[in-house]
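Go ahead and model the full structure; you've got the sequences and the hints to work with.
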Amino acid sequence: MTTATTGTAAAKAGGNAAKPKPATMAQALQRAMRDAMAEDPTVHVMGEDVGTLGGVFRVTDGLAKEFGEDRCTDTPLAEAGILGAAVGMAMYGLRPVVEMQFDAFAYPAFEQLLSHVAKMRNRTRGAMPMPIVIRVPYGGGIGGVEHHSDSSEAYYMATPGLHVVTPATVEDAYGLLRAAIASDDPVVFLEPKRLYWSKSDWSPEAPAPVEPIGKAVVRRRGTGATLITYGPSVPVCLEAAEAAQAEGWDLEVVDLRSLVPFDDETVCASVRRTGRAVVVHESTGFGGPGAEIAARVTERCFHHLEAPVLRVAGFDIPYPPPMLERHHLPGVDRVLDAVARLQWEAGS
Amino acid sequence: MDSLQQRSSTVQEPPGAVPAYRPTPPPAWQPRTDPAPLLPEAEPLRVLGTDAVADADPALLLRLYAELIRGRRYNTQATALTKQGRLAVYPSTTGQEACEIAAALALEERDWLFPSYRDTLAAVARGLDPVQALTLLRGDWHTGYDPHEHRIAPLCTPLATQLPHAVGLAHAARLKGDDVVALAMVGDGGTSEGDFHEALNFAAVWQAPVVFLVQNNGFAISVPLAKQTAAPSLAHKAVGYGMPGRLVDGNDAVAVHQVLTEAVARARRGGGPTLVEAVTYRIDAHTNADDATRYRAAGEVEAWRAHDPILLLERELTERGLLDEDGRRAAAEAAETMAAELRERMNADPVLDPMELFSHVYAEQTTQLREQAAQLRAELEAEGEA
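If you read the protein sequences in the order shown, they are chains E and H. Everything in the first sequence is counted per the UniProt record's numbering, starting at 1 for the first residue and increasing by one. Everything in the second sequence is counted per the UniProt record's numbering, starting at 1 for the first residue and increasing by one.
Watch out, some of these pointers could steer you wrong.
Facing chain E, a subset of chain H residues (Cβ under 10 Å, in silico) [what the hints assert, rightly or not]:
{"id": "1", "residue": "141"}
{"id": "2", "residue": "142"}
{"id": "3", "residue": "158"}
{"id": "4", "residue": "169"}
{"id": "5", "residue": "170"}
{"id": "6", "residue": "198"}
Here are the in silico distance ranges between beta carbons for each label pair [said to hold, decoys possible]:
{"id": "7", "chain 1": "E", "residue 1": "295", "chain 2": "H", "residue 2": "381", "range": "25 to 35 Å"}
{"id": "8", "chain 1": "E", "residue 1": "107", "chain 2": "H", "residue 2": "33", "range": "32 to 42 Å"}
{"id": "9", "chain 1": "H", "residue 1": "374", "chain 2": "E", "residue 2": "316", "range": "27 to 37 Å"}
{"id": "10", "chain 1": "E", "residue 1": "308", "chain 2": "H", "residue 2": "371", "range": "18 to 28 Å"}
These stretches of chain H come out as covered by chain E in the derived footprint (C-beta under 8 Å, 3 or more residues) [stated by the list, open to error]:
{"id": "11", "stretch": "201-210"}
{"id": "12", "stretch": "239-249"}
{"id": "13", "stretch": "346-355"}
Just so you know, the hints here were simulated from the structure itself, not pulled from any lab data. Idealized CB from N, CA, C, for every residue including glycine.
Written out as structure tokens, the structure reads:
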């Protein structure tokens with residue numbers, strides 16, 4: 001990650017301050033749950049393997065030991081049962097944080113998610129909110145076998161009543177998860193698996209402030225075109241923006257952080273400045289998040305656009321076997337090719 | 001290689017010389033305790049018409065009778081409202097009133113009920129306003145009541161999905177130290193759903209204070225029980241989860257009340273979940289949209305009419321001198337008053353605010369929903385001006 005952090009900023013300002021130990025995204029997520037559980041006894045973590053093992057990615061490491069098995073519970077292996085039980089727990093005033101282990105393993109829970117979690121507030125005229133966080137490790141790039149690398153965000157985005165967020169930095173992993181747990185609405189919290197081990201100078205001892213859900217952030221300022229992206233594709237776009245400088249292209253990178261609610265304001269302000277936009281994500285393109293984003297940007301920024309809004313997405317194929325996934329995942333070159341197709345010379 | 005050669009040489013020996021393979025249990029294997037206590041009764045438990053009825057509290061019998069009469073009238077009135085177009089649909093429980101009412105009355109006030117879409121009557125027996133209980137079926141809102149007020153979860157339309165909710169709520173209550181029990185109702189068709197399995201499994205593993213009541217009314221819309229399950233009874237399914245199964249005559253209100261009361265008490269004292277199958281029959285069609293003559297013979301329905309829950313109880317009360325013509329008339333008049341009031345209130349057109357469409361999607365409206373709300377408001381204003 002190339003982003004500045006509170007930690008490094010403080011170190012620069014203080015001069016002599018010791019540089020904090022780098023922390024990983026997995027540690028930041030674990031810290032977010034730990035802090036939330038310590039502050040609020042109604043927060044319960046549950047899922048398959050989250051207790052004794054600490055999660056297959058160790059994101060819940062130590063929580064069962066610190067808070068007991070009633071607060072961090074190893075459940076039977078049944079996703080619909082896990083989420084369905086969480087609904088009942090939320091009805092009785094608890095705030096369950098549910099882990100779905102892997103993206104494609106969440107599908108058995110879709111009926112509970114779509115029919116109850118997303119709709120319960122609406123069905124009961126606000127009497128029964130569902131303060132549930134559904135943590136879903138998602139996306140590819142870690143060599144997982146099939147059913148372990150899906151990008152399922154479009155399914156969640158298409159369901160009214162759900163918030164859908166995904167961090168790209170260690171700091172955001174902490175801040176967004178704290179905000180998700182504090183939210184009175186259900187939040188599908190998509191964790192980019194391949195960024196679990198990304199590091200930052202973020203200090204677990206002085207966690208970043210909790211920001212409300214729904215705000216995109218400009219990760220890199222630029223004037224020529226906007227790369228609109230989120231989650232695992234954010235580092236790809238930042239790298240592409242650095243590489244583009246050699247071509248004379250000054251790219252802006254917007255990290256959405258929240259897919260629902262969608263921050264039209266930040267995105268459109270950026271596109272109006274740059275006049276060009278490429279949406280980048282690893283989910284499939286057809287009917288994917290980029291289709292919605294490109295349409296929104298076109299509707300709102302048509303007269304500012306110098307070129308059509310382009311999409312760089314995964315191919316419209318079932319997630320490929322790991323030995324072929326590098327051809328499927330949008331990389332720096334594919335992003336730069338799209339930028340070139342924006343007919344750069346015409347505008348600058 | 002050595003072991004392969006060794007194996008091939010043993011194969012060449014004449015049969016009989018090789019000791020027969022006898023599987024031994026793996027080291028970690030420990031047989032579970034005798035499942036016999038978990039097995040349900042061989043026949044559905046009956047109380048009415050047997051010597052056991054002598055133990056029944058006369059006040060309870062009379063209360064059940066009054067509620068059954070009221071419940072039957074509610075069913076006929078609501079069915080009539082569908083014919084008048086006042087209800088989009090009504091899944092009748094005529095013939096099943098004993099399950100609905102006796103089960104609801106087995107709960108304490110602090111307990112929770114998790115009804116399916118067919119269990120309006122159980123909700124009303126628990127004290128819910130009869131009109132509020134019908135909003136889902138009238139179509140003016142999905143759930144017409146605050147679930148916390150009477151501790152009744154929203155009437156659940158997807159099959160069996162309310163069962164894991166009951167488990168989660170009961171589990172949460174126990175974690176908080178409250179002695180609350182959840183009663184979850186489901187039909188025979190619902191027992192085929194994955195959520196039924198997952199809920200029972202979770203409940204047993206967590207020893208959650210939940211009672212599952214299957215109202216086996218013979219049909220899942222048109223599909224008979226024989227095409228739904230190969231189990232000896234639906235109550236038998238309990239054994240596989242490690243909880244007791246009980247089989248009860250669902251038309252015997254006293255038996256249902258007794259079995260449910262025992263199961264609720266067991267759950268409350270930390271004994272864990274119970275699966276109860278109440279054997280009953282759906283006298284009416286699935287809903288007004290269904291033609292039951294396509295899948296069942298009239299004779300079958302008539303046989304069940306002879307085993308009507310109201311008849312069974314009325315006969316018992318009359319024989320014991322607890323009910324006379326005056327008592328019958330009083331119960332009928334009370335039911336008629338309820339029906340008249342229901343008719344009158346349901347015949348008033350509900351006043352709906354279209355702007356409420358955007359009120360309960362999120363705790364706070366998103367920018368997108370605020371824009372859409374503005375669009376609808378403008379459309380409504382334009383309609384008003386036209």
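So which hints don't hold here, by number, going up?
Violated: hints 12, 13.
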